[in-house]
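Colleague: Based on the provided sequences and hints, a complete structural model is requested.
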Amino acid sequence: MSFSRLEDRRLVTGAGRYVSDWHLPGQLYAAFLRADRAHARIVSMDVSQAQAMPEVHAVLTAEDTQRAGFRSLPCAAPIPGKGGAELIKPYRPVLAAEVVRFVGECVACVVAQTEEAAQNAVEAIVIEYDDLPVVIGAEAAIAPGAAQLHPNIPGNLAIEFETGDAQAVAAAFAKSAHIVRLDLHNQRVAGNPMEPKGCLVRHDAGTGDYFVHVCTQGTAGMRGQLVATTGIADEHVHVVAEDVGGGFGLRFNAYPEYSAVMLAARITGRPVRWVASRSEVFLSDEHARGVSSRGELALDAQGQFLAFRFDFLNDMGAYIAPTGPVVAVLSIRACLAGVYKVPAAVANVRLALTNSVPMAAYRGAGRPVISYMIERLVDQAAVELAIDPADLRRRNLIPAHAMPWPTANGLAYDSGDFPAVLEHALEVADWTGFEQRRTQSAAHGRLRGIGLASFVEATGGGAGPDEVEARFGGHGEITLFAVSHSHGQSHETAYAEILSAVLGLPRERFRLRNGDPAVRLAGNATGGSRTLHGVGSALRVLADDVIAKGRELAARALEVAAADIVFADGRYHIAGTDRSVTLDSLIEQHSGGAVHPLDTRSSARTGGTFPNGCHVAEVEIDPTTGVVEIVRFSAVDDAGTILNHTIVAGQMHGGITQGAGQVLGEHAICDRQSGQLLTGSFMDYPMPRAIMIHGLTLAEHPVPTPTNVLGAKGVGEAGVTGSLPALMNAILAALRTAGVTHFDMPATPARIWGAIEAARAGDARRFAYDRAQ
Amino acid sequence: MYEFSYVKPASLDEAAQLLANHDDAKPLSGGMTLIPTLKQRLAQPSHLIDIAALTELRGIEVTAGQLIIGAATRHIEVATSMTVRTALPALAALASTIGDPQVRNRGTLGGSVANNDPNADYPAAVLALGATVHTQRRAIAADDFFQGVFTTAIEEGELITRIAFPLPTRAAYAKFPHPASGFAMTGVFVAETGGRVRVAVTGAGPGVFRWREAEAALADRFAAESIEALVVDPSGLNADIHAPAEYRANLMKVLASRALRAILNSSEGAVA
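Sequence order for the protein chains is Z and X.
Using this note's numbering, you'd call the opening residue of the first sequence number 1 and step up by one each time.
Using this note's numbering, you'd call the opening residue of the second sequence number 774 and step up by one each time.
The set of hints was computed from the structure by calculation and includes no laboratory data.
Quantities reported herein were computed from a predicted structural model and do not represent experimental measurements.
Warning: the hint list may mix true and false statements.
Claimed, not checked - 20 Å max Cα-Cα, derived EDC-like pairs, lysine to aspartate or glutamate: (1) X:Lys812 to Z:Asp36; (2) X:Lys812 to Z:Asp684; (3) X:Lys812 to Z:Glu116; (4) X:Lys812 to Z:Glu115; (5) X:Lys812 to Z:Asp46.
Modeller: Right, here's the structure in full:
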């Protein structure tokens, strides 16, 4: 049986190794006492009964973490706040000391002989709370008189960012013919990777080394956060990771449980293992989105965009997760005016603290927030000005000849042909044939709508260079090392194909060893759709470096000057002769020693780039039940140079479907009074399903980027960045035919039906739901 | 999970004896509700008495105008049984919509009916068809059996052995599955048996109930239009984060109409 990806055989035959597949002799099991309320002072806690139970080795509380010198979990702002303001950092302990601030926060850690014994002991901990007022939702958090979560953060506002030119925007608005305004809520969602988070930690008392087996998107960032939290020296922390069962951004940060388990391993002198239950995933994995926003668009009389003004209020949860501020502001800054040639734009971004689980990255990481805002607003303008939505976009897209395009807030788009991508998408989607399809749907009593979204998204440049290493001494097997960790991105295949193409060796010869603590490289985590152009570029550089080293070996073997040798198709030739030697034979010839002369470490530092696309969604709504069916979805994307079409298609399918999941139902709802998560299981939280989208058509429209040697732009987050606005624009287009003028996600059957009924009754408040957190 | 003893009795008598001997014992059939409850540590039985393989609780047959199904019969068996599909196709179709394949391969008729989840599918069929629930002690009419949320006429130590469904002249079940759980957000079973129409609704209220107004309207005229003319009072219906009571009231009409259209448009009178 043949597999199109090198990792497929291992993964589909159950030979993958995830965190819960790791076991160490003598291991103990950890379990956590979690806050069962959203905001309360801990009056007293008695762990003596738990400690005295058979099979219990340790019960750790905040006293223990303080004694160990643990600090706050780290957080930082990626750019200065408005007027140079700094992020006011909440103190986030590994185990809550005096106050619990969200349901699910860790309070104590029990270590026992078995998982059951640990859980039993957790239940034997006696804790008394004094409840404090609960703050749910960002608006409530910044309202006057709201309860304070942290003593150092007045008004629960941690920082306010501004990007763009507010004065230029005000001037543009003053002279505009039309102003379109739209308030939108991008609801809180739970990512739910298939693999629950977990770790297994071994402490070597002799050397003081910690070996932390953990699910991670990148070992270097994980190690840095663990070091920052525990105060343990970097050289003593070794992060080990193999297969990771999904991440979407949620497996980037070092959750407090990991640091607690490190301490548990040191105190008990035994390896300690902890794997979250699905309930714990819901309660304590970072959530995402949760953004209340207002958008304003100023236009002239001809429908030319003059300026955008945005306000984003972010529900950050009870603490600031390390990636939280990055997600909240960087994509908005990078894609502030989308694909449009608008001369002025400004966005305000505020981060508010609430009594819910902290917010961080989730597929798209801010891109679907800004794309959703812009594209809903542009559609609203099209309706208010009675201009065809495709035509309104045509009038305002940045033309290809204007690339590189300097954006209104001083950045630059490197490349792209937005108008051509739009036309391509309209053609694939049969935009002009829609009215006929609408008539057919109407004959069956269905409301049909079509919606489009033109978008640009920013893929990450990375905080530093990406290092890669190749070792050739493995008797034919070439071992690769990199930091950026695969949690479903097909790195093994992509890396091998990059090298295979240049070195002329079969891709099966390359073996990727991710997360080996013995090989410490600098590099970035997998995130921001950046691994192909970051690590991929480094591999492309490495290939050249290997060829150069091989040329010296070939020169010796062929007894000529290196300058006379050319390399092609895996073979070194003496120019102008038929004498040659293969790279493969050089590899074999020099194998056997500890170090192979071709062993190479290379690095590349790549800038960000701007994948873009146009997605067109078509939906049918059954007005009697409010059920939305996605009947067609056409996605045309410029992901730059594409190296493997199957992997790109897989990323697009997944991303588009994740967007559909949020549009159609995903919603992490916290009760406003108690702060309890009301959607804490798959009985209440609808996950996206493969069958959600019918008639999905993908088309590539590559415009290679000059910012990296591969010309690749990245593709991991384009799907959701386009599908969120495209789908909601289609749904609203259908709803408008029933008199509905505004609608926020999620488009659940009951909410859609309620909106239609309310429009019919002429009462917008009828059946209105308490807006979602 | 907390610790418990697992016991697999050889006979129904032995199962009943075990339940009588241990106050905190629980019968285990398919375990599709009980096992998740145990995993969440929301129940702490001393013993699980596994009744799923007892021969007294198995089997599907038609006798004397009734379809009789053993309590431990799995959903997949009901869905695919030629006997059920011939005698009572609406019931086979209902069973095919329960949960997902894993649930249908484990979950049982008796377990679902005894649990009486307010969103379960089977109770709608049992009530609309006027079935009789047999236990090792007695026979209980459907109208007396269901008593509200997770509550039935079953007493301590009493086990459902089989359910006898009168064969309707026509019947159909229409369901609106919850997008997350697959349970019935609302489900409506319409049956005409021996010249009498019964309509049972699951999911919409606190436990399965008969929709008397719909029954009266359909007795008058057996057509979807009879349903569409009704006004459903949402008060007393379920309201939660997923939908307000008004939505479930609307679903009752939509689904009852679908069931009727399925009956009237199909020679088989199967599910909508």
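Colleague: Against the structure, test the hints numbered earlier, and report the numbers of the ones violated in rising order.
Modeller: 5
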